[in-house]
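Novice: Fit chain B to the supplied structure of chain A, relying on the hints for placement.
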Amino acid sequence: MIELQDISKSFGADVVALKHVSFTVAENEFFTLLGPSGCGKTTLLRIIAGFEFTDSGDVLLDGGDIAQLPPEKRPVNTVFQNYALFPHMNVLQNVAFGMEMRGIERVEAADSARRMLSQVMLDDFAERFPAQLSGGQQQRVALARALINRPRVLLLDEPLSALDFKLRKTMRIELKRLQRDTGITFIFVTHDQEEALALSDRIAVMRDGEVRQIGAPMDVYEKPADRFVADFIGETNFLAGRVEAGGGDGTGDGAGDSTGGDSSRVNSLRVTLGDGSTVTARSQNANAADLRGAVTLAIRPERVALSAAATPGGVAGAIDEVVYQGNTTRYQITLQSGDRIAALETNAAAATAQFAAGDRVGARFEPQSLWVLQE
Amino acid sequence: MKRLFNFNLPPLLSVGPAALFLTVFFIAPFAIIAVYSLMEADPFGGVRRAFSADAYIQFLFTRDWDGNLQFDLSYLNIFWRSFALAAGATVLCLAAAFPAAYYIATQPRRRRGLLLLLITVPFWANLLVRTYCWVLILRDSGLVNGWLIAFDLISTPLPLMYTDGAILVGLTYTYLPFMALPIYASLEKTDWRLIEASRDLYAGHRQTLARVVFPLARPGVIAGCIMVFIPSLGAFIAPSLLGGGRNLMIGSLIQLQFSSSRNWPFGAASALILLAFVLLLLYLWRRRSGRDGRDDGESIW
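Those protein sequence lines, which keep their order, are chains A and B. Taking my numbering, the leading residue of the first sequence gets 1, the next gets one more, and so forth. Taking my numbering, the leading residue of the second sequence gets 1, the next gets one more, and so forth.
Here chain A stands alone, though its shape is the one from the complex:
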């Protein structure tokens, strides 16, 4: 429905904000642009809104190029990071503004605005001015002001970042509800990976003006495309390894074994760690069978299973530190190969600490979750 084709943008001579970005967002989708600050995600949003123009590339909405249209001509609305509510208008006037500007009768616009306000549970605040509202209320006014226009796409620029922790969690649920109720396509910008995972239908992970991976939250978390994605989303252990000649066992376990319906083949590989032990890992690289030499392995801390040193099948290591975190316990481990990793154990049952600092343990990596990363 909205399609970005090969968008490039730079500011001045040496600041490149976006490099050949392309993706398509589907109708009714909750699509998130996720990345650290300076990755170009806000610039991308501003290009879709019409506040910035591209150096090259097309922005297609329902098949038509809108890249050259001014913001007021685009059926797209924005929720700004600090809401940008008009301070000289009350809540009702703020919400009705867009409709009035489109030439809808003042009375009718006010009626719609009241209905919209009740949808965001602000019925009693119509006559208030923005300065008299709390952060969460301002946030809802900003949402109402944008949604009342029933845009084809709603752009949200880090809308939750100005709220405190508790409110952020509540608003997350409300945002999702509004998206479902209105059926409007949301493009959401955030640097908060937890927020992105919780809300999105799909996430585009960005870095340095490039999209590094696009996929459903589970895909992005379970099958990170590269080291940056693995590191940025959630916590990841990295291990150095080598693929010896003939390391690829050639058994592609094929598509559809994991969520997301990704059609790329997933291959299994034997990888040798620094201490000579071998593990089975997977690669999304179609030519993984031919892979040779040094590689990086990635595994999430919660996919590392610890056992007493005597148990066979584990990679040997010693515990440096134990941090009890209530629902989980976190172990910091140095493997015999020299790699330092973290392991997260769930405290599902009332338990005493299984291991103590200094204990020798075997670490087992769940093969489904151990990935050979492309650098």
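Treat the hints with care, since some could be wrong.
Claimed, not checked - Simulated coverage check for chain A against chain B, where a stretch passes if three residues somewhere in it have a Cβ under 8 Å from a Cβ of chain B:
#, stretch
1, 11–19
2, 58–72
3, 84–91
4, 96–110
Said to hold, decoys possible - Chain A side only, calculated, beta carbon under 8 Å to chain B, not exhaustive:
#, residue
5, Thr-78
6, Phe-80
7, Arg-202
It should be emphasised that the hints constitute simulated quantities derived from the structure, not laboratory data. Cβ coordinates follow ideal geometry from the N, Cα and C atoms, glycine included.
Specialist: Here is chain B on its own, set in the frame of chain A:
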């Protein structure tokens, strides 16, 4: 809560100097004017120590040969003319200053300082000299007429001097910075994302200007209008030099009473009537904006 920075001097020290200054240089002269306005005029200037309400009576009436009072509109007309010219100058200043102030406010921060400095450049030269320059520009053999004749657009000089138009130009020129600076101060504080929000919500350039930019600059606009209108009302340099003797404004009228006309009580009375008129206008405006439930310009007052 203990304040981090405490600047509490004893009342006498904190308010004292300002109070003293105002008493000596404002309240005392003001009292003298009030007293003089109620005395008899001395034909050689100054006042005689005798009570007389003549000065106020003279404002609205003339005595005919028989000594009967007759209603006379001529001074009220001068008042009305002053009001109209001051209002005109205010509108012209607003029209010229708003785009300029907007332009400066949208420049990179480092350039704004320079541009603001340029706005204050006229203050570096004496007002009288600057107003005389307008005489050189507007008179029959002046710059404008000279060029128009040189390019054969006209054959005889246009009568530009000694007109209301000349006064209007002079007033606008004199007070333009007083309009530009407060508007700039308001615009400079504007959150530019509000303009993006307005555009995002289907407002074009013009609607954004009318519905967002201008209302946000309102306190500055109001302050600027007051700072241009009030001094324009009492101005006498531009009206005297550019308006000539026929087109009196209230400022020149007052000035005349203390110089060639030697009627100090009438000059004092006119000054007080002008003051009362200005206060009345401000009061009416305050009451009106109070009824709107807005607090326009509150921060400036």
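Novice: Would you list, in rising numerical order, the hints stated earlier that this structure does not obey?
Specialist: 1, 7
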